[in-house]
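There are 2 protein chains.
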Amino acid sequence: MSDGYNVAVVGATGAVGTKLIEMLEQTNLPLKNVKLLASQRSAGRKLLFKGAGIFVEELTADSFDDVDIAFFSAGGSTSQKFASEAVNRGVVVIDNTSKFRMDKDTPLVVPEVNKEALKQHQGIIANPNCSTIQMMVALKPIKELAGIDRIIASTYQAVSGAGARAVEEVKQQSREILDGELTENLTTEILPVASDKKHYPLAFNALAQIDEFAEEDYTKEEWKMVNETKKIMEDSQIKVSATCVRVPVITSHSESIYIETIEQTSVDQIRDSLEKAPGIVVEDDPSQQVYPQALNSVGKKETFVGRIRQDLDIEDGYHLWVVSDNLLKGAAWNSVQIAETLHEMDLVRV
Amino acid sequence: MSDGYNVAVVGATGAVGTKLIEMLEQTNLPLKNVKLLASQRSAGRKLLFKGAGIFVEELTADSFDDVDIAFFSAGGSTSQKFASEAVNRGVVVIDNTSKFRMDKDTPLVVPEVNKEALKQHQGIIANPNCSTIQMMVALKPIKELAGIDRIIASTYQAVSGAGARAVEEVKQQSREILDGELTENLTTEILPVASDKKHYPLAFNALAQIDEFAEEDYTKEEWKMVNETKKIMEDSQIKVSATCVRVPVITSHSESIYIETIEQTSVDQIRDSLEKAPGIVVEDDPSQQVYPQALNSVGKKETFVGRIRQDLDIEDGYHLWVVSDNLLKGAAWNSVQIAETLHEMDLVRV
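The listed protein sequences correspond, in order, to chains A and B. This note's numbering applies: residue 1369 is where the first sequence begins, and numbers increase by one. This note's numbering applies: residue 1369 is where the second sequence begins, and numbers increase by one.
Think of the hints as simulated: they come from the structure by calculation, not from any bench. Treat each hint with caution, since some may be false.
Where chains are identical, the list cannot tell them apart; a pair therefore holds if satisfied intra-copy or between any two copies.
Using 25 Å as the maximum straight-line C-alpha spacing, the simulated DMTMM-like pairs for lysine to aspartate or glutamate come out as follows [what the hints assert, rightly or not]:
#1 Lys1607 <-> Asp1684
#2 Lys1566 <-> Glu1670
#3 Lys1607 <-> Glu1628
#4 Lys1472 <-> Asp1681
#5 Lys1668 <-> Glu1552
#6 Lys1511 <-> Asp1679
#7 Lys1566 <-> Glu1651
#8 Lys1588 <-> Glu1536
#9 Lys1565 <-> Glu1425
#10 Lys1511 <-> Asp1585
#11 Lys1644 <-> Glu1584
#12 Lys1669 <-> Glu1549
#13 Lys1598 <-> Asp1547
#14 Lys1400 <-> Glu1425
#15 Lys1668 <-> Asp1547
#16 Lys1414 <-> Asp1473
#17 Lys1511 <-> Asp1434
#18 Lys1598 <-> Glu1628
#19 Lys1598 <-> Asp1679
#20 Lys1669 <-> Glu1552
#21 Lys1565 <-> Glu1651
#22 Lys1607 <-> Glu1552
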């Protein structure tokens, strides 16, 4: 590349696609051209990029002919169908779906945590699941400090992770409840999982199901946190369990995380390691009621960590409250950050 | 008592007081007279009991002259001031505040779990904290089955636990956000803790603070779950840690609970023990997307348990999702159930 990269956003009109465009407006990555791709239904719409209108084009294999880097965020089946077409045309694909994440040959990358894995890429790099990314950012410094033997996570996940239509649904349900509508009459078409059999209201509720149920009665979302953690941390021995819960928050996931370290450390050493780590803001001052909040982290790229406490009984046990914008660090920003890192490492080539 | 008890509700106009009246309408406890007491501000209001109007009277020490059982739910300072006045007049006090819970001479009772402790009462019986009660109901059968070595709880607590004004505040904030108001302009006067220095919006947010911060950077709510569990289970050795979080749910607390048993057991044995236990409804069928939900448990007296899973790494580790109406089993129903149990055990005497 001499005068910048040609980049494409696949799924440009979606919840994450919109944020990808915002992050590309802010990136230091040298850009030559930005191509916006979507399904036929959205083609022809005009979106703004740095103030200039760009028409959304219909996604076809030929869309990738003059592209260097493509960000995929249009669902697993689109990635399945078009990612290899793009790679065959010399494009580096940064995929935000779960399609390739666990493939042996696909690096699964959080730049603050395991950017070295990018060196092995063969055209596709997978962006991890949103709930995994922020946990990895928060736990990497602690792993380096004292090792991590086990993780137990309970999540408080925002509805925007389920897409723009789910956000509209929970807003509609909220209005209905505030207007006195009965629970059984609420609009329920999408949540908790659009593709699943039953739908439940999320407004003023908490749903202990994100994605479909899978092995051992864990949901796929819970398995993502387990398997992706082991892959990103390159640690097949680390113990991970999760309970993933959707709450009526529009944007930003919160996580109650319990860890046990391998070596002895302290709250002060953990806080110090987090304060020095990239991509983290420590918000932890109980005397001033300072702790991370979903509403406060919307639109920010960092991962916020607070409520850092030693377990009351286990010497090597610690509790953390970890919050981040699920559409930014959990998706669009991490993807663009992968592109920036590929550029820095001179790896934008298939 | 020959033809029924004279009962009094202290704090009759509050969120829990209102539910106490409902539960007294449904109780099998023989009632002769129901007296409704509140502060001067609420005195004179007329509330319905089984269709008949009862005037709310101003609370004074003399209010208790002809009372057998008094339910206190008007804050710790009212209990501090009037509970002993009531006991001195021969009244059995069932107190819903945290005032006497950890007093050595005060039984702290969840009838399904430790009703034998009622035998030691000296006039005051404490109703445990809402988040503790439902956890105790769910864990008692497992403790009997296999013993419990440790508990880690992350809660998803409803706003009605913070009172009727907090409910109005979160509804108001929700309307403001749905109308496009900016976060910094939201009405914030009460939550997360009315008596604390700073107030934050809860609508479309999650606040990792319930009650004030205390020792070891745990909140008082978290300490309640720790200390009350040890007292109710009569087990000073049991390991308990908690992260208590308020979520924008009006009524019913949800809890992600991890336990480690002392003896080996299985998910099937745990499920079986829960299905046979009093006060529990097991809702746990992932194939049909069946799991407890806050919205579904509103107005019900039971504790709902689902998402029962073995930990993926620890043989004796299990995860549960426990939901119950915080105003009923978490407060009013447990209080009335204590009164029923006192009656059955012939303990309505000071």
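Status of each hint after checking the structure:
{"no.": "1", "hint": "Lys1607 <-> Asp1684", "verdict": "both (14 Å within a copy, 14 Å between copies)"}
{"no.": "2", "hint": "Lys1566 <-> Glu1670", "verdict": "between (35 Å within a copy, 24 Å between copies)"}
{"no.": "3", "hint": "Lys1607 <-> Glu1628", "verdict": "both (10 Å within a copy, 15 Å between copies)"}
{"no.": "4", "hint": "Lys1472 <-> Asp1681", "verdict": "between (39 Å within a copy, 23 Å between copies)"}
{"no.": "5", "hint": "Lys1668 <-> Glu1552", "verdict": "between (37 Å within a copy, 16 Å between copies)"}
{"no.": "6", "hint": "Lys1511 <-> Asp1679", "verdict": "both (17 Å within a copy, 21 Å between copies)"}
{"no.": "7", "hint": "Lys1566 <-> Glu1651", "verdict": "between (38 Å within a copy, 15 Å between copies)"}
{"no.": "8", "hint": "Lys1588 <-> Glu1536", "verdict": "within (24 Å within a copy, 37 Å between copies)"}
{"no.": "9", "hint": "Lys1565 <-> Glu1425", "verdict": "neither (33 Å within a copy, 53 Å between copies)"}
{"no.": "10", "hint": "Lys1511 <-> Asp1585", "verdict": "between (29 Å within a copy, 23 Å between copies)"}
{"no.": "11", "hint": "Lys1644 <-> Glu1584", "verdict": "between (38 Å within a copy, 23 Å between copies)"}
{"no.": "12", "hint": "Lys1669 <-> Glu1549", "verdict": "between (37 Å within a copy, 23 Å between copies)"}
{"no.": "13", "hint": "Lys1598 <-> Asp1547", "verdict": "neither (46 Å within a copy, 43 Å between copies)"}
{"no.": "14", "hint": "Lys1400 <-> Glu1425", "verdict": "within (17 Å within a copy, 77 Å between copies)"}
{"no.": "15", "hint": "Lys1668 <-> Asp1547", "verdict": "between (33 Å within a copy, 23 Å between copies)"}
{"no.": "16", "hint": "Lys1414 <-> Asp1473", "verdict": "neither (36 Å within a copy, 72 Å between copies)"}
{"no.": "17", "hint": "Lys1511 <-> Asp1434", "verdict": "neither (41 Å within a copy, 64 Å between copies)"}
{"no.": "18", "hint": "Lys1598 <-> Glu1628", "verdict": "both (15 Å within a copy, 23 Å between copies)"}
{"no.": "19", "hint": "Lys1598 <-> Asp1679", "verdict": "both (23 Å within a copy, 16 Å between copies)"}
{"no.": "20", "hint": "Lys1669 <-> Glu1552", "verdict": "between (38 Å within a copy, 20 Å between copies)"}
{"no.": "21", "hint": "Lys1565 <-> Glu1651", "verdict": "between (40 Å within a copy, 17 Å between copies)"}
{"no.": "22", "hint": "Lys1607 <-> Glu1552", "verdict": "neither (40 Å within a copy, 40 Å between copies)"}
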